[in-house]
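On the provided structure of chain A, position chain B as indicated by the hints.
So the sequences go chain by chain: A and B.
Numbers 0 to 64, taken from numbering that gives the first Met the number 0, label the letters of the first sequence in order.
Numbers 0 to 217, taken from numbering that gives the first Met the number 0, label the letters of the second sequence in order.
What the hints contain is simulated information worked out from the structure, not anything from laboratory work.
Please note that a few of the clues may not be correct.
[What the hints assert, rightly or not] With a straight-line Cα cutoff of 27 Å, these simulated DSS-like cross-link-like pairs (lysine-lysine) come out: (1) B:K97 / A:K53; (2) B:K97 / B:K161; (3) A:K3 / B:K17; (4) A:K50 / B:K17.
[Stated by the list, open to error] Over 12 Å on every C-beta distance to chain B, these chain A residues come out as not near it, computed from the model: (5) S22; (6) K25; (7) K29; (8) E30; (9) S32; (10) R33; (11) R35; (12) M44; (13) T47.
[Unchecked claim] Beta-carbon label-pair distances, calculated as ranges: (14) B:R125 / A:P14: 39 to 45 Å; (15) B:R125 / A:D48: 25 to 31 Å; (16) A:V38 / B:K194: 54 to 60 Å; (17) A:V38 / B:D109: 40 to 46 Å; (18) A:T16 / B:K182: 52 to 58 Å; (19) B:L6 / A:R60: 39 to 45 Å.
Glycine is no exception: its CB is placed at the ideal position from the N, C-alpha and C atoms.
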Amino acid sequence: MDKKEFNQLIDKNFPETKPITESTRKLTVKESSRFRGAVRLSLGMFWTDEKYKKHRKKILRTPLP
Amino acid sequence: MNIKAVLVSICKIHEATKGLTILSEEFDSEFLSFLQPRNELMNAYQHIIRAVSNKIGLREEKNNDVEDYTITNLGKALSHEYRAFFDTADYLSISLRKKITEELRPFSSDTIKTVLVDYYSTYRPRIDRITKEIANLRESKDIGKTDELLPSVERYNAELHKLLDIHSCIINAVPTLMELEKKQASKDKKGFYIKFGLVIITALATGFVSWLVAVFTH
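One chain only, chain A, in its complex shape (with noise of 0.2 Å):
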């Protein structure tokens, strides 16, 4: 990569993460075996961004014992 190109793409953003949504992590089940990441996520345990947010707001809501 020559300093023109380098200077091209310095101040340019990667493009930006799409929210994690259940499409997303049922994508990323089907398509594991092309994957070379952690167990955790081929197998799709991960949090969507809206089960998250469901999951954090109950927990929040409960009051303690």
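Then chain B, alone, in the frame of chain A:
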């Protein structure tokens, strides 16, 4: 803040986030990973690359702004690291709150009060306060001044470790809580049988007296 001070804050906050991430995966009751803070870390990395490229002369200088550009990007990296920390801290505090609620739910408040003497006076208000303060800091758009970020992270990191201590204290108390609850239940059962016996005896005595009255009045 100078470059070295910002770098020190970035490194310390990053390591604190890593420590909480490792802990939080152990405490998640559903064994799920929380990927959301990693987006913040990716953004922080992007700004660090810009700052370093500029500092080592890889980036073409424009208007002699080397220091400004470097410090601005390191400041942005620090903000992302701060957000990643509070996303992770929020996740861990939520998991701990859930665990504590589930551990104590089967027991009556009298049993809890007897075994965990400080629960209602110290532990419970502290759990409530920490989880809510972290949740508010996570949701807040304004993150404050650059030099206030590291002290804030250190404070909440210490608070979370106190929460972990409370959790292990509760876990250790569970066998005693179960024993006391069992004793209380058998005491209640005994009390019920005594009351039931008294009711039967009173009914029989009343019946007998009524019969006597009926016999002698006729």
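How the hints compare with the structure:
1. Note on B:K97 and A:K53: the hinted pairing holds, with a Cα-Cα distance of about 13 Å set against a maximum of 27 Å.
2. Restraint check for B:K97 and B:K161: the C-alpha separation of about 16 Å stays at or below 27 Å, so the hint holds.
3. Distance check on the hinted pair: A:K3 and B:K17 sit about 36 Å apart at the alpha-carbon level, beyond 27 Å; violated.
4. Between A:K50 and B:K17 the alpha-carbon distance is near 23 Å, which keeps this suggested pair within the 27 Å criterion.
5. A cut-off of 12 Å between C-beta atoms confirms that A:S22 is not in contact with chain B; the least separation is 15 Å.
6. Once the 12 Å rule is applied to beta carbons, A:K25 is consistent with being away from chain B; the minimum gap is 15 Å.
7. Distance check on A:K29: its Cβ is at least 18 Å (rounded) from any Cβ of chain B, clearing the 12 Å threshold; non-interface status holds.
8. Even its closest Cβ contact with chain B, about 16 Å, leaves A:E30 beyond 12 Å, as expected for a residue assigned away from the interface.
9. Consistency note on A:S32: stated as away from chain B, and its beta-carbon is indeed over 12 Å from all of that chain's, at 19 Å minimum.
10. The claim that A:R33 is not at the interface with chain B holds, since no C-beta of that chain comes within 12 Å of its own (minimum 18 Å).
11. At the 12 Å boundary, the C-beta of A:R35 stays outside the reach of chain B, the nearest C-beta of that chain being 16 Å off.
12. Against chain B, the non-interface label of A:M44 is violated: not every CB pair exceeds 12 Å, the least being about 5 Å.
13. The Cβ of A:T47 does not lie farther than 12 Å from every Cβ of chain B; its closest approach is about 9 Å, which violates its non-interface assignment.
14. Distance hint for B:R125 and A:P14: a CB-CB separation of about 42 Å, consistent with the stated range 39 to 45 Å.
15. Take B:R125 and A:D48: their Cβ atoms lie about 29 Å apart, and the range 25 to 31 Å holds.
16. Hint check: A:V38 to B:K194, Cβ distance near 58 Å, so the stated range 54 to 60 Å holds.
17. A beta carbon spacing of about 45 Å between A:V38 and B:D109 agrees with the range 40 to 46 Å that was offered as a hint.
18. For the hinted restraint 52 to 58 Å between A:T16 and B:K182, the CB-CB distance of approximately 55 Å keeps it satisfied.
19. Between B:L6 and A:R60 the Cβ separation comes to about 40 Å, which falls inside the hinted range of 39 to 45 Å.
The structure shown violates the earlier hints numbered 3, 12 and 13.
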